[in-house]
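**Student:** For reference, the chains in residue letters:
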Amino acid sequence: MSETRENGIGAAVRRKEDNRFLTGEGRYLDDINLHNQAYACFVRSPHAHARINGIDKSEAESAEGVIAVFTGEDLAADGIGGLICGWGITSKNGEPHKAPPHPALAQGKVRYVGDHVAIVIAETPEQAKSAADLVDVDYEELPPVVNIADALAPGAPQIHDEAPGNECYDWEIGDKAATDEAFAKASHVTRLEIVNNRLVPNPMEPRAALADYDPGTDMLTLYTTSQNPHVARLILSAFVGLAPEHKLRVIAPDVGGGFGSKIFVYAEETVVAWAARKIRRPVKWTCERTEAFLCDAHGRDHVTTAELALDDEGHFLGLRVSTKANLGAYLSTFSTAVPTYLYATLLNGQYKMGAIYAEVQAGFTNTAPVDAYRGAGRPEATYVVERIVERAARDLNIPPEEIRKRNFIPPDAFPYETPVIMTYDSGNYQLAMDKANELIDRAGFPARRAESEARGKLRGLGYAAYIEACGIAPSAAVGSLGAGVGLWESAQVRFNPTGSVTIHTGSHSHGQGHETTFAQIVSDRLGIPIENIDVIHGDTGTVPFGMGTYGSRSLAVGGSALMKAVDKIVEKGKKIAAHLMEAAVEDVEHNNGVFSVAGTDKQVTMAEVAFAAYVPHNYPEDLEPGLDETAFYDPLNFTFPAGTHIAEVEVDPQTGKVDIVNWVAVDDFGNIINPMIVEGQVHGGIAQGIGQALLENTVYDAETGQLLTASYMDYTMPRADDLPSFNVETTNTPCPHNPLGVKGCGEAGAIAAPAALMNAITDALGVEIDMPATPEKVWRAAQSAQARAAE
Amino acid sequence: MYEFEYRKPASLDQAVAMLDEDAKILAGGQSLLPTMKMRLASPGALVDLAAIPGLSGITVAGNTVEIGAMTRHAEVAASKEVAEAIPALADLAGKIGDRQVRNRGTIGGSLANNDPAADYPAAVLGLGATVHTNKRAIAADDFFQGLFETALGEDEIITKVSFPLPEAAAYEKFVQPASRFALVGVFVARTGSGVRVAVTGAGPGVFRATALETALGGSFTPAALDNVEIAADGLNNDLHGSAEYRAHLVTVLAKRAVAAAR
Ligand SMILES: Cc1cc2nc3c(=O)[nH]c(=O)nc-3n(C[C@H](O)[C@H](O)[C@H](O)COP(=O)(O)OP(=O)(O)OC[C@H]3O[C@@H](n4cnc5c(N)ncnc54)[C@H](O)[C@@H]3O)c2cc1C
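Each protein sequence line maps, in turn, to chains A and B.
With the first letter of the first sequence counted as 1, position 348 gets the number 348 in this note's numbering; the numbers rise by one all the way through.
Just add 791 to wherever you are in the second sequence, counting from 1, and you've got this note's numbering.
If you are wondering where the hints come from, they were derived from the structure by calculation, not from laboratory data.
Please note that the accuracy of each hint is not assured.
[Stated by the list, open to error] Using 20 Å as the maximum straight-line C-alpha spacing, the simulated SDA-like pairs for lysine to any residue come out as follows: (1) A:K129 <-> B:M829; (2) A:K129 <-> B:A1014; (3) A:K129 <-> B:K886; (4) A:K457 <-> B:P1013; (5) B:K828 <-> A:R719; (6) A:K457 <-> B:A1050; (7) A:K777 <-> B:D1029; (8) A:K777 <-> B:E1035; (9) A:K129 <-> B:V1043; (10) B:K886 <-> A:D722; (11) B:K828 <-> A:K457; (12) B:K828 <-> A:H579; (13) A:K777 <-> B:N1028; (14) B:K828 <-> A:K657; (15) B:K886 <-> A:A483; (16) B:K828 <-> A:Y712; (17) B:K886 <-> A:Y712; (18) A:K777 <-> B:M829; (19) A:K777 <-> B:N1027; (20) A:K129 <-> B:D1029; (21) A:K457 <-> B:A1014; (22) B:K828 <-> A:D133; (23) B:K886 <-> A:D634; (24) B:K886 <-> A:L134; (25) A:K457 <-> B:A1051; (26) A:K129 <-> B:N1027; (27) A:K129 <-> B:G835; (28) A:K129 <-> B:S802; (29) B:K828 <-> A:D722; (30) A:K457 <-> B:A832; (31) B:K886 <-> A:M717; (32) A:K129 <-> B:D1017; (33) A:K657 <-> B:D1024; (34) A:K129 <-> B:P825; (35) A:K657 <-> B:F795; (36) B:K828 <-> A:D721; (37) A:K657 <-> B:G835; (38) A:K657 <-> B:D1029; (39) B:K828 <-> A:L723.
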């Protein structure tokens, strides 16, 4: 790409949206209030598993301020369907995955603590909450099961009649015979059993919904905290049956973070929207933090056994992986895809892996549903690959960076087809590794370690050479794998007569900075000052159908759609400009908002062209007026961001406290539109990854099924002082198949960080432990290491 | 939160008169209000001490530091007088919660609440301080009575706390990572009348570690604790740390406190 223009592609433009966010002028869902609005509170199951023998709502109904109390019976009577899972997985035996019903309000049974039983609607939030306590539910408690291994074991409590043995699917990918063969001729096999801990997403803004029915137009409007309002509308209309698609408007206003948890369609917004029409009043529900802990879809929760086959020199011959995945009590919207196509397809890592065979058995437990969370499957894959690679290096006494070097896919091997259906588009893995080693001063590490030891501390260095698949995704490809939707994106570039621009995008920004990045692209291409460009998103009433934001897809797919729309603007603009300059269209050139005729000094600006398009007094005869173009873009492939993160830690063996003393991230995101936003995304991602590795853990009591970590008193979110200063750099092998050459950066940090940090801790201790590496766990490991050393 | 009545007395006597059965004292609100928001407490009225004169402030005179019950944690943390007289006390106050909590929370509220993982109780017990109320003076050794229990009567209001100056003291806090209260906190003080070691976070309430006091009485050095262990029996055992781990931390932190004491 050419040199960076002011506010153009590649410039570190300050985020336009931050003006309103930092001055308290953002308009989040709870800031929206409608005339005559009522408030909802949900009655939630206090039990992990119970039969409902009856619900007496009379006392609640007669409580002060109560307008209505509804249960699953009322929803069913109105023909409202349950929630759906939009991705079909086929088991080894050819059977489709088990899809038990997921009623928006319980039907006869509750299956996790927090499961929705009834909605109480009252004049004030306090009245709704108090009345919710008065709904008398006759529960018959059943034994719960919360751990996936227990749930899949014979004799476990049966959660759904439709899923015998609590199994949802037993799926496989790769070549079993070839993998067995690779292991047969291996001179060394490294084996690892690891747990990928369950996480609660914890966006800063809790979920909320506000619905309003207009009987005059028969229009039902739902304001909801969604990452993909069109998908929500489609599901609520076509599957749940709330209203015909054209009579349902879904608005996701400023949304305060999602991390995946706001992709899904939940019971609460479904019931609130239905109830608003039922009682003919706007109904609002705002989630409390504890409800968010209980009911937001959680992330991860895998138990995995992995084996890596190697030859004498540490070359990888094959990888065998067996994973049990906890899907929770019900299937959330995209839950089935996460431990399969978003996970096992990335088990090849950055390597020539030889053969791969992976099997994933997923099942139900009496816990909150589990679905995509920042990285969605790819952090789990990277964690398996990068920990076993590092373990193999230790087993064979090869430095960890050296074993990777011996196995990296070389830069000239792209496109590279892996044994697990992906075709990597571009990359240069050794380049990122070399740069990272230099930045962390790999050569100086032994001296730093000795210095720590002199102070009674243990120092360790850990690598993660991660890869992910972003920019999801080619519609036909995901369709063939079971997806119920296409994964293209839309964009509209609308010139106003005065030359300013309104961009409509099907992507949704909930912290990513699209209002800046997307404006930069248009400013760069069309020469419009960035302050004259606005980006509109999140409203199905004004924006063309779009698929929303997740999977680091906004720029690679939404940005590509925007580029296509820009191309159309230029194409039409050339015709108008040719007319204005009395030249042939073929002779008109466009550069950064200026149309000129080659070899002459004739030129007109984009603004002049836009004005002519809307005031077409002097205008081509056969051309439509107006300058407003929409484009849809369906990607040709996934994009494959990759890179190396190195973590350096110092452990206090006396207390088990881990201090992160150094962190280097070298990421290949392809071309970069706004380096400052990219750096911010990397920082946030690493913080979440460090949270998973060191601090965050979701614990259900095995006996009672109660969530023990349901508040910030017990669930440890990473804080600023838990984190080191990150040293973040990039390399660039542009994506060869999208018009911007971009790959996506939103999840990389969360994908790379856990493996890097756990490898560093393992390096320090000489003992493997599972995440999160809490002080007590680390202390015990340090003790056992010392005891072993003393033997 | 349920509805409640808000009362703002101008004197201690008025406060006592307003403290009927259903009422609770409000100081900084940092413990009381969260429990009310979660509907775990539902007092019919709050009696706010904020407007009563003389309840706030720090005085260093002779051999004591006196801190008014309504003195905020931030004020103690930032006080030059306290930092000079009992540096360990200023240091401890600066380790409580976060900036917002320190700007609102008070020493009186913290002691009356007696959270088993709170920091101030360790200083009060470790320094052998005296808790003054509108009725009497209570020695630290008598004040704390286990999990959220104190010697305070129903309408008894803490007015101030007086700390005798130690020869040397230090506080070491190992945080529970989520709440950042003390998983274990150890306050060590060498005083004219012997060594005192108070432990918070580890048990159902703040307590004195007598085995450590004895060992340190012989020699006030970290090495004196080399083979001294605390029994894990009766210590807290939860998600964030087993009783065994907490017992181990008591000794580790006590050694560090001894090394840091000044
Ligand atoms: C996020 C957060 C983090 C925290 N972290 C820590 C920490 O790390 N360490 C720590 O020690 N504490 C911590 N706290 C608690 C904090 O220190 C509180 O301020 C303190 O425990 C209570 O003081 P208060 O003035 O806020 O009292 P309030 O909340 O107003 O009252 C607490 C109780 O004491 C009673 N009371 C108050 N004043 C008096 C008085 N003068 N006489 C008699 N009774 C009285 C009240 O009736 C009530 O029962 C934290 C709190 C929060 C919200």
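**Student:** Failing hints, ascending?
**Tutor:** 2, 3, 5, 9, 11, 12, 14, 15, 18, 20, 23, 24, 26, 28, 29, 30, 32, 33, 35, 36, 37, 39
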